[in-house]
Structure formats: C-alpha cells, structure tokens
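**Q** Residue numbers for the sequence shown follow the working numbering, beginning at 16 and rising by one.
Incorrect hints may have been included.
Lysine-lysine pairs mimicking BS3-like chemistry, simulated, CA-CA at most 25 Å apart [unchecked claim]: (1) K52 <-> K139; (2) K139 <-> K110; (3) K110 <-> K84.
Pair by pair, the computed Cβ-Cβ distance ranges are [unchecked claim]: (4) I99 <-> P169: 44 to 54 Å; (5) A116 <-> S141: 17 to 27 Å; (6) T182 <-> A51: 44 to 54 Å; (7) F42 <-> M164: 17 to 27 Å; (8) L181 <-> D50: 30 to 40 Å; (9) D76 <-> K96: 20 to 30 Å; (10) E63 <-> E88: 25 to 35 Å; (11) D180 <-> F42: 11 to 21 Å; (12) G43 <-> A130: 22 to 32 Å; (13) T182 <-> K52: 25 to 35 Å.
Calculated directly from the structure, the hints in this document are not laboratory data.
C-beta: ideal position from N, C-alpha, C; glycine also.
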Amino acid sequence: MSQSVKLKERWVTGASPIKGKVEQMFFGQYEHNLDAKGRITIPANFREQTLDGVFVTEGFDHNLSVYSKRHFEAIAANLAKTSITNPASRELRRKIFSNSAELSYDPAGRILVPARLREMAQIKGSVVIVGIGDSFELWAVDAWKEQEMRLNDPNADENRWQAFDLTTRGE
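The task is simple: from the sequences and hints, build the whole structure.
**A** This is the structure:
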C-alpha cells in the first residue's frame, strides 16, 4: 500500500527501506549560522517532516546525523536485535546512544545542539545542513568543503559507486 507525504509543496509517493512505508525525504544543502546559545535554524521543509522533533547523534564522518523520531526508533530497534555478547554490537550501541540527544524545535524553528555534540563535529559559527535522503547531517563548513572535494574528485575510482543500485525501474 502506497502512502503520500507532503514534500516542498508537492506530494511524493514511494516506499521506504524502513518497514516498506513512505517516509520523509531530505535533500539539498543549506548554510545557517549557529547562534551564541548553540541553536541552529533548521530549513522549513526539513522541519515540516519532523514536527515532533529530532534525534541528533555523532555521525560517522566527523559530522552530526539528524534523524526523525521514527527513524531513530527503527535504528534503536535494529540495535536491540543484536547480541550484547558481541563486542562490535556493544561498541556501536555506545557510540550511538551515548552521543545522542532528543531535541525539539523552538518557536523560531531552531534546535539547541548540545555543546558536546557541536565540539565532536567542530561546529562553530556556520553549519552546513545536508539532506541525505531519509535523514540529514550537520557539518562544520570546512569539513563539508573537504567532503565535497572528495565527492567531486575527478580522479576518484570510477567504480566507487558501481555496487549501489541506482536504477529507477519499477520494483
């Protein structure tokens, strides 16, 4: 069964990798200033898809990952299925849960990112907000510039994304 989701003044229909349901889609990049209290204004089209707040956690690339509550709960459920006797499972649980914060929007559409998380990602002054499909990321400006250079490197291995199925044919 297909559902529709309002996305940037239009409706998008499709299946999500999470339980086959339609979920939000975040795309584009935005640069916003961090205020003196550590608050970041989240773009309106991202807020519309996460009205009940977000979870912010340390990312895997010296950035911060931002998930809707539903997506973070799905991650937590998947981690709960892993064995606590597995050292890698325990490490991943520690990495994700000890470095996460549940945040709500203030009336101006800002989230207050805890200082510890901002320091982990070296976010000061300006922050780049990057949509990555079912979630979005917060990057320090310089770190994002380095990431973009790697993404756009013409000398990078031409096969680096070949393993991913990016076909648009029906399922």
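**Q** For every hint, state whether the structure bears it out.
**A** The hints, checked one at a time:
{"no.": "1", "hint": "K52 <-> K139", "in the structure": "holds (11 Å)"}
{"no.": "2", "hint": "K139 <-> K110", "in the structure": "holds (22 Å)"}
{"no.": "3", "hint": "K110 <-> K84", "in the structure": "holds (18 Å)"}
{"no.": "4", "hint": "I99 <-> P169: 44 to 54 Å", "in the structure": "holds (45 Å)"}
{"no.": "5", "hint": "A116 <-> S141: 17 to 27 Å", "in the structure": "holds (21 Å)"}
{"no.": "6", "hint": "T182 <-> A51: 44 to 54 Å", "in the structure": "holds (47 Å)"}
{"no.": "7", "hint": "F42 <-> M164: 17 to 27 Å", "in the structure": "holds (20 Å)"}
{"no.": "8", "hint": "L181 <-> D50: 30 to 40 Å", "in the structure": "holds (38 Å)"}
{"no.": "9", "hint": "D76 <-> K96: 20 to 30 Å", "in the structure": "holds (25 Å)"}
{"no.": "10", "hint": "E63 <-> E88: 25 to 35 Å", "in the structure": "violated (20 Å)"}
{"no.": "11", "hint": "D180 <-> F42: 11 to 21 Å", "in the structure": "holds (19 Å)"}
{"no.": "12", "hint": "G43 <-> A130: 22 to 32 Å", "in the structure": "holds (27 Å)"}
{"no.": "13", "hint": "T182 <-> K52: 25 to 35 Å", "in the structure": "violated (45 Å)"}
When the structure is compared with the earlier hints, violations turn up for hints 10, 13 and for no others.
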